[in-house]
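In the order they appear, the protein sequences are chains A and B.
First residue of the first sequence: 1, per the working numbering; consecutive thereafter.
First residue of the second sequence: 1001, per the working numbering; consecutive thereafter.
These aren't lab readings, by the way, just hints derived from the structure by calculation.
Accuracy of the hints is not assured; some may be wrong.
Stated by the list, open to error - Simulated crosslink set (DSSO-like; lysine-lysine; CA at most 27 angstroms straight-line): (1) K337/A / K1341/B; (2) K106/A / K1536/B; (3) K65/A / K106/A; (4) K1337/B / K337/A; (5) K477/A / K1477/B; (6) K527/A / K1527/B; (7) K341/A / K1337/B; (8) K536/A / K1106/B; (9) K536/A / K1104/B.
What the hints assert, rightly or not - Okay, the calculated beta carbon distance ranges per label pair: (10) K337/A / G1171/B: 32 to 40 angstroms; (11) P152/A / R1255/B: 56 to 64 angstroms; (12) R255/A / G1128/B: 53 to 61 angstroms; (13) Q320/A / D1409/B: 19 to 27 angstroms; (14) D1360/B / D423/A: 42 to 50 angstroms; (15) P434/A / Q1055/B: 51 to 59 angstroms.
Positions of the beta carbon are idealized from the N, C-alpha and C atoms, including for glycine.
There are 2 protein chains.
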Amino acid sequence: MAGQTLRVIPLGGLGEIGRNMMVYEYGDTMIAVDVGLMFPDAEHPGVDLIIPDFQYVLDNVDRLKAVFLTHGHEDHIGAIPFLLREAQVPVFCLQLTRGLVQVKLKEHRLLDGAEVSVVEPGDVIDVGPFSVEFFSVSHSIPDSAGLIIDTPLGPVVHTGDFKIDHTPLLGQHTDLARLANLGDEGALLLCADSTYAEIEGYTPSEQRVAEALDRYIGEAEGRVIVTTFASLISRVQIVLDSAAKHGRRVFVTGRSMVNNVGMARDLGYLRIPGNVLMGVNEMKQHPDSKTVIICTGSQGEPTSALTRMANGTHQQIGIQEGDTVILSSNPVPGNEKSVYKNIDLLMEAGARVIYNRLADVHVRGHASREELKVIHRLVRPRYFLPIHGEYRHLVLHRDLAIQLGMDEDDAFVLTDGEVLEIDDRGAEISGTVPADYVYVDGIGIGEIDDFVLRDRQRLADDGLVVVVAAIDRHNGKLTRPPEVMSHGFAGPDEEASLMEGVQQLIVDVLGGEDTAIDWSEIHETLKDDVAEYLHKQTRRHPLVIPVMLEV
Amino acid sequence: MAGQTLRVIPLGGLGEIGRNMMVYEYGDTMIAVDVGLMFPDAEHPGVDLIIPDFQYVLDNVDRLKAVFLTHGHEDHIGAIPFLLREAQVPVFCLQLTRGLVQVKLKEHRLLDGAEVSVVEPGDVIDVGPFSVEFFSVSHSIPDSAGLIIDTPLGPVVHTGDFKIDHTPLLGQHTDLARLANLGDEGALLLCADSTYAEIEGYTPSEQRVAEALDRYIGEAEGRVIVTTFASLISRVQIVLDSAAKHGRRVFVTGRSMVNNVGMARDLGYLRIPGNVLMGVNEMKQHPDSKTVIICTGSQGEPTSALTRMANGTHQQIGIQEGDTVILSSNPVPGNEKSVYKNIDLLMEAGARVIYNRLADVHVRGHASREELKVIHRLVRPRYFLPIHGEYRHLVLHRDLAIQLGMDEDDAFVLTDGEVLEIDDRGAEISGTVPADYVYVDGIGIGEIDDFVLRDRQRLADDGLVVVVAAIDRHNGKLTRPPEVMSHGFAGPDEEASLMEGVQQLIVDVLGGEDTAIDWSEIHETLKDDVAEYLHKQTRRHPLVIPVMLEV
Chain A
1 MAGQTLRVIP
11 LGGLGEIGRN
21 MMVYEYGDTM
31 IAVDVGLMFP
41 DAEHPGVDLI
51 IPDFQYVLDN
61 VDRLKAVFLT
71 HGHEDHIGAI
81 PFLLREAQVP
91 VFCLQLTRGL
101 VQVKLKEHRL
111 LDGAEVSVVE
121 PGDVIDVGPF
131 SVEFFSVSHS
141 IPDSAGLIID
151 TPLGPVVHTG
161 DFKIDHTPLL
171 GQHTDLARLA
181 NLGDEGALLL
191 CADSTYAEIE
201 GYTPSEQRVA
211 EALDRYIGEA
221 EGRVIVTTFA
231 SLISRVQIVL
241 DSAAKHGRRV
251 FVTGRSMVNN
261 VGMARDLGYL
271 RIPGNVLMGV
281 NEMKQHPDSK
291 TVIICTGSQG
301 EPTSALTRMA
311 NGTHQQIGIQ
321 EGDTVILSSN
331 PVPGNEKSVY
341 KNIDLLMEAG
351 ARVIYNRLAD
361 VHVRGHASRE
371 ELKVIHRLVR
381 PRYFLPIHGE
391 YRHLVLHRDL
401 AIQLGMDEDD
411 AFVLTDGEVL
421 EIDDRGAEIS
431 GTVPADYVYV
441 DGIGIGEIDD
451 FVLRDRQRLA
461 DDGLVVVVAA
471 IDRHNGKLTR
481 PPEVMSHGFA
491 GPDEEASLME
501 GVQQLIVDVL
511 GGEDTAIDWS
521 EIHETLKDDV
531 AEYLHKQTRR
541 HPLVIPVMLE
551 V
Chain B
1001 MAGQTLRVIP
1011 LGGLGEIGRN
1021 MMVYEYGDTM
1031 IAVDVGLMFP
1041 DAEHPGVDLI
1051 IPDFQYVLDN
1061 VDRLKAVFLT
1071 HGHEDHIGAI
1081 PFLLREAQVP
1091 VFCLQLTRGL
1101 VQVKLKEHRL
1111 LDGAEVSVVE
1121 PGDVIDVGPF
1131 SVEFFSVSHS
1141 IPDSAGLIID
1151 TPLGPVVHTG
1161 DFKIDHTPLL
1171 GQHTDLARLA
1181 NLGDEGALLL
1191 CADSTYAEIE
1201 GYTPSEQRVA
1211 EALDRYIGEA
1221 EGRVIVTTFA
1231 SLISRVQIVL
1241 DSAAKHGRRV
1251 FVTGRSMVNN
1261 VGMARDLGYL
1271 RIPGNVLMGV
1281 NEMKQHPDSK
1291 TVIICTGSQG
1301 EPTSALTRMA
1311 NGTHQQIGIQ
1321 EGDTVILSSN
1331 PVPGNEKSVY
1341 KNIDLLMEAG
1351 ARVIYNRLAD
1361 VHVRGHASRE
1371 ELKVIHRLVR
1381 PRYFLPIHGE
1391 YRHLVLHRDL
1401 AIQLGMDEDD
1411 AFVLTDGEVL
1421 EIDDRGAEIS
1431 GTVPADYVYV
1441 DGIGIGEIDD
1451 FVLRDRQRLA
1461 DDGLVVVVAA
1471 IDRHNGKLTR
1481 PPEVMSHGFA
1491 GPDEEASLME
1501 GVQQLIVDVL
1511 GGEDTAIDWS
1521 EIHETLKDDV
1531 AEYLHKQTRR
1541 HPLVIPVMLE
1551 V
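Kindly produce the complete structure, drawing on both the sequences and the hints.
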């Protein structure tokens, strides 16, 4: 029976189901699609990265035959080193994606052992019962692909992140003809991007951004400073073309922007018009009216080039009256505050600032509702599984499929770790596999758990108080005045008086003891009494750490 | 000279300049407009409230003659108890605002001493050289007002929060005729709401929400659950009217919603059609198809009614298949995550959920750009000061005024604490007064400072490690094995091995000592060595607290 069943499992995405990783299984063969990571937010203090839980995959590592990567964004490839250090498995992806993966593997010193093969749209990789074909899609990074995963039960279309752009800048269309053709043959399952299932209509073309950017670059009198995502190569192309058209030169600054522009140029993804690119050290001699700067910092990252310019701490570039700064990006949820803070500072320094709320200087990389309908109509699948979205996006995408005529029993909303089983009799959610998140903090992977994060949150809320009592082992009395210290709990004046109160309290608590002491009891009593006293005085709940020494 | 100068000072707003409080001074007289608070975000761990810095006002308390409140939202009245406990000063506001202020004063046991007078639009209060007239404005709470502050140099228009709504639900228009009339006479200064200076066009009317809500309530088959801001009385009115029209009864739940509906009803702001309102305990016997529930929780507040329904922990109301939940609100910046989490949970429980991204079930309470232009054209002020917005909003609003023909030297962008001085020769930014934020944490007001918050943030990021070493006073050697404990630093397995390593390190550090000990030096060494060891092992930076006892 298991031999004739296709199993589909979303894994990882921190609420965005299947965003980071998906597993497909048939018989003894397992393949993974994408191995990405998420960035932590305020609910994960101190955590560096969040990666999918590989437990299920590693428990079945002898069955894992290949990993397919749809495109080079962090949330789809960022965790690949963490998987490859645990499992030897061949990886397949398009050229730019491979370039970005190699950078990661090098950082993790995994380049030697890893086998990452470049494919092109149309290529088919056979893995046991699966034949996996890459097809081109439009998205906000070159070399984005969807997958047609042929199985003995019929083909599965896995869109990856995509939009439909009929006038893309770098010739990267979503291959609607291939999908139509597949639909004619009969598709078993569609797994499609749901990120913008809330948004009515069509996502605008990159062409619209080209027009807006060209207008602002054309009308600027002083320098133009443009920031965008470093991986959004088409945006860089727009700026290069517009700068050349208006007789300006382009200077690139910010580590990841310099790296990505270099790689995209070397791999042939960027066309550099004439000698438009110049080194940042030549900028001083170049007139402002002939200058465009492309830099990092679209998300207000603290050490990025734009943030340093905004703060006045950039070594080469200080913002001045007459500068036009363009944020060709949207703030990713969670980054709004840092982004808008930068805008405020840039304006205070005298720049004109153009950003997403004021002009069409950015378009999204995901399909809106009308585009999703096109895909459904072309593929006409037997079953539908919305992926890549929070729960409400999946529900809205499922409802959209039902509006288009799908039977509600054939459309499934899964959460991470749930297993969709399909055989020739039907499809059902058959159970779950482990699919937690794994926190990376420093060099610890999975050492930090939610319990530790709760401790951190508590420390953040009210700080801590350490009380130190040295007690005579013979009579249980304090051998000297107790010491009390606090961190993150109270301001200096308040602290002094509170700490005095705590010292007195400890003297009172321990003063009455004699010889026979129950140490664990007195430890708890001291902790509770100090906590209660401080709460009464301040209505705060610091962590109280009693240190008791028998001397 | 000072006698002939008007001084205008924005105070408090956590980046939203003058949102919480403004001060106007002429000669020996000072008046304040609004005394509100801000809610902290992730940058202020553990802080309960943020209030304006009253230092400048209290330093000049003998000159402070009156406080005027424009409307009853927290960011305009929330800090009034904190001011009134320091200063005896008469307060003037409209009726509903007074009702909301009294609730606060009662909680703070300040009701007896406070003098809060009710005025109506058109009323004029004379305070020394000032004559302050209230005028009606549309906003998202009844009894919102702007102020015309007449001064010996001419009248100042202070809009407060406002929009222009020609078809408001509760008859609350912005009094354009009065402003036109004032403009004819010649206005000195316009201080106007800049919150939506980024948004093109007009803010839609509350009427549009009425139509959308009525449609969803009309077409629902099961229960309808509506959440909104408790102070958005017009929204409650819409729901009551629509429920009555469709033969449904309305049940109110959630403390602040119950309180506000009760107060609005008692004061005559709500028209209750027939016997449409019923008690929550009667709900069980009432058919779902005839039920509407109005509840708190529009911002995903953890203990609100809707959040408890979403989590399955509400005592009376469990979400079921067939329920329609309407979020008639936008998430306030910072609350997105909690709001969307609730939506996901409500959908998982089987409800249909209608929210801002899907339908016109909310409109904003602030004027967009075309409305701002109307105000500028009517008032035609000599000078302009954009208020109530982050820096970029103020800049955009100033630029709008300049586009409308104002001289750029006559439009001023201030930050909190900056002083705009106007006399009969001109206007200029003349200096600053103290205008920090004051954090309220528990019962401490201003005890917690940014230094404490940095400590908290650090504790949140990497936790702490306490090392305890008992040292023989005679020879400086450890008298027993050192103790090490950690919080929020490492997971259980990791901790055990790390703590062993730290113990050994302490033995090594202190092992070599003999008799003559420099205590402060050894304390620092221990701290640094442990921190360095842990960083090397984990790439984390916990706070290391050494406790050393001479025994």
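How the hints compare with the structure:
1. K337/A / K1341/B: 20 angstroms, holds
2. K106/A / K1536/B: 21 angstroms, holds
3. K65/A / K106/A: 23 angstroms, holds
4. K1337/B / K337/A: 14 angstroms, holds
5. K477/A / K1477/B: 24 angstroms, holds
6. K527/A / K1527/B: Holds, because 24 angstroms separates the two Cα atoms, which is no more than 27 angstroms.
7. K341/A / K1337/B: 20 angstroms, holds
8. K536/A / K1106/B: 21 angstroms, holds
9. K536/A / K1104/B: 22 angstroms, holds
10. K337/A / G1171/B: 32 to 40 angstroms: Check passed, 38 angstroms falls within 32 to 40 angstroms.
11. P152/A / R1255/B: 56 to 64 angstroms: 59 angstroms, holds
12. R255/A / G1128/B: 53 to 61 angstroms: 60 angstroms, holds
13. Q320/A / D1409/B: 19 to 27 angstroms: 20 angstroms, holds
14. D1360/B / D423/A: 42 to 50 angstroms: 45 angstroms, holds
15. P434/A / Q1055/B: 51 to 59 angstroms: Since the Cβ atoms of P434/A and Q1055/B sit about 56 angstroms apart, the hinted range of 51 to 59 angstroms holds.
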